[in-house]
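Protein sequence lines correspond, in order, to chains A and B. So for the first sequence, the numbering used here puts the first residue at 18; every next one is plus one. So for the second sequence, the numbering used here puts the first residue at 13; every next one is plus one.
Note that these hints are calculated values from the structure, not bench results. Honestly, I wouldn't trust all of these hints.
Okay, derived cross-link-like pairs now, DSBU-like style, lysine-lysine, Cα gap no bigger than 30 angstroms in a straight line [as the list claims (entries may be wrong)]:
no. : chain 1 : residue 1 : chain 2 : residue 2
1   : A       : K33       : B       : K62
2   : B       : K42       : B       : K306
3   : A       : K109      : B       : K409
4   : B       : K227      : B       : K203
5   : A       : K108      : B       : K207
6   : A       : K109      : B       : K62
7   : A       : K108      : B       : K203
What the simulated footprint calls covered on chain B by chain A, stretch by stretch (three residues with Cβ under 8 angstroms from a Cβ of chain A suffice, anywhere in the stretch; the number is not a length) [unchecked claim]:
no. : stretch
8   : 127-137
9   : 209-223
Covered stretches of chain A, as calculated for chain B (at least 3 residues, CB under 8 angstroms) [unchecked claim]:
no. : stretch
10  : 48-58
11  : 103-115
Using N, Cα and C, we set each Cβ at its ideal position, and we do this for glycine too.
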Amino acid sequence: MGDDGAGVAVARILRKKNLPPSAHLLEGEIDGLTLLERIEGYDRVIIVDAAEMGLKPGEWRAFDAAMDLLKINFGPSAHQFGVGEALILAKKLNLYLPPIKVYAIQPKRIEFTSKLQLTGPTAKAVRAVAQALLQELFSQP
Amino acid sequence: MSKLDINVHYVSRVEGHGNIVVKVEDNQVKEMRWEIPEAPRFFEAMVRGKHYSDVVFIISRICGICGIGHTFSAIQALEKALGFEPSEQTLLLRKLLLHGETIQSHTLHFGYLALPDFFGAPNIIPLAQTHREQVLAIIRLHRLANELCDLIGGRTTHPITTVVGGWTRLPTEGELKELRRRLTEAISDVKAVVKLFASLEMPQFQRETEYIALKKPDEYAFYDGEIASTDDEHTTPLPRYQDKIHEFIVPYSTAKRARARRSSYMVGALARFNINHTKLSPLAQEAAEQMNLKPVCYNSFMNNVAQVVEVAHAVEDSIRLIDVLLTRGIKEEKVEIKPRPGRGVGGVEVPRGLLIHDYTLDERGRVVDANMIIPTNQNHQNIEEDLKAYLPQLLGKSKEEITLGLEMLVRAYDPCISCSTHFLKVEWA
């Protein structure tokens with residue numbers, strides 16, 4: 018993975034920390050449909066992923082997954098059926114979704130590599146997002 | 013039509029990147045190409061020098077959809093190279109896990125990628141309102157398949173319990189009973205999907221084609237078998253696959269292609285159905301009849317329908333496999349494997365077709381040579397020949413209709429393009 022592995026990279030930093038017992042970490046190259054299956058039963062969900070936002074490589078944003086922010090994009094997606102499509106589908110089907118927050122990192126380079134290889138700006142963003150997440154996880158009741 | 017230029021850059025709703033290039037002048041097709049621009053991924057080179065115990069975890073990463081199939085094709089090849097015979101319990105569990113991948117992959121394809129075309133929809137989302145119950149059935153089937161893969165393979169994608177010799181974790185009898193209950197419940201969802209597909213109008217297209225798939229005397233072959241062809245009276249043993257399958261390269265594509273008796277052939281669900289239909293489960297036979305799929309079917313669009321038939325088979329056969337496992341009882345098995353030099357060839361029917369892995373090991377059990385024959389590689393030439401044959405039928409239509417028709421034909425194959433760009437031989441200066 019290139020910078021599309023940003024979410025996995027954040028997960029690996031968090032895995033080394035002592036997270037609150039109520040926080041479960043799910044790391045992996047799963048598509049949006051599988052994600053929908055995984056989030057059932059949780060009170061809230063945080064998704065961390067690389068996302069094309071038209072920003073400079075390495076910039077990141079945190080936002081609530083309101084439908085108007087997640088565009089349908091059935092073009093080439095590293096996950097084939099992306100997060101945006103899956104959440105919109107769930108909404109159209111009137112399936113219950115917990116509150117979802119997205120930490121999105123603008124990638125510089127997406128490619129298939131034999132191991133996780135982040136570009137410099139993305140690696141910096143990964144550390145910043147991990148830090149922000151830890152603050153959020155430990156500040157919530 | 014005096015002049016037509018179509019260049020579909022990155023066909024949508026397929027795995028990976030492929031382009032369709034068409035040039036028509038005065039109703040004559042001047043150019044028709046199916047191009048694969050994806051970068052080579054070097055897996056055959058990557059595994060050289062690696063110990064056999066590491067190979068399965070590397071090569072499962074060839075694909076995020078058919079990682080289980082790659083794992084089993086590799087394990088089969090490595091076990092044969094090492095002279096190891098897996099136990100009946102191991103084989104039953106492997107077949108069960110392979111069914112999980114088939115259900116998962118086929119459901120994703122026919123449900124989310126192919127189905128929207130038949131309703132003039134850009135994606136599945138509009139169908140959430142017009143066909144809510146059927147979309148929910150598709151979601152439930154996909155979810156069940158994922159959970160089957162989690163239970164037996166240890167993870168939804170890229171299994172971790174599957175090793176040369178057997179398993180790092182066995183399911184409990186309680187877990188299998190629960191899975192059996194869920195599979196039995198899923199039969200109504202399968203029937204709902206069959207009813208939906210029976211109502212669809214498939215594009216009319218026929219081109220006599222050679223179909224190739226694994227065949228076994230006593231089951232619908234997914235795990236192991238001999239190579240069968242609709243053009244051959246006899247099967248070819250897997251170690252002699254190169255007598256049958258001949259790979260070649262074209263200059264405008266990074267993925268290899270293959271031919272057998274003719275200039276191209278097809279693998280996948282339709283090929284398996286055409287060759288092995290008598291071995292389908294009762295539910296699958298009924299599904300085929302309901303959806304008007306009869307052998308030998310030469311309409312590549314019906315590959316979508318053949319996938320629905322195979323999901324019916326996989327669900328019903330999974331129940332049978334669990335019943336056999338529960339009757340035998342799940343037992344921990346001690347396995348001893350000693351490295352030795354040797355060559356082994358493994359063959360598995362993954363969702364998209366026949367997958368072959370061929371490894372040669374040295375005396376320490378390290379790979380000295382590797383070759384992989386990927387289903388989508390085998391289909392690329394047939395896709396292009398189908399496109400060439402289908403295009404004249406479409407020429408009276410608008411450019412948008414022609415483009416959609418060609419894209420639908422490519423989608424019907426369910427190509428896995430990232431898998432197909434797995435190779436490169438590098439000669440260092």
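Hint check results:
no.	hint	verdict
1	A:K33 <-> B:K62	holds (29 angstroms)
2	B:K42 <-> B:K306	violated (34 angstroms)
3	A:K109 <-> B:K409	violated (33 angstroms)
4	B:K227 <-> B:K203	holds (27 angstroms)
5	A:K108 <-> B:K207	holds (25 angstroms)
6	A:K109 <-> B:K62	violated (48 angstroms)
7	A:K108 <-> B:K203	holds (25 angstroms)
8	127-137	holds (count 4)
9	209-223	violated (count 0)
10	48-58	holds (count 5)
11	103-115	holds (count 4)
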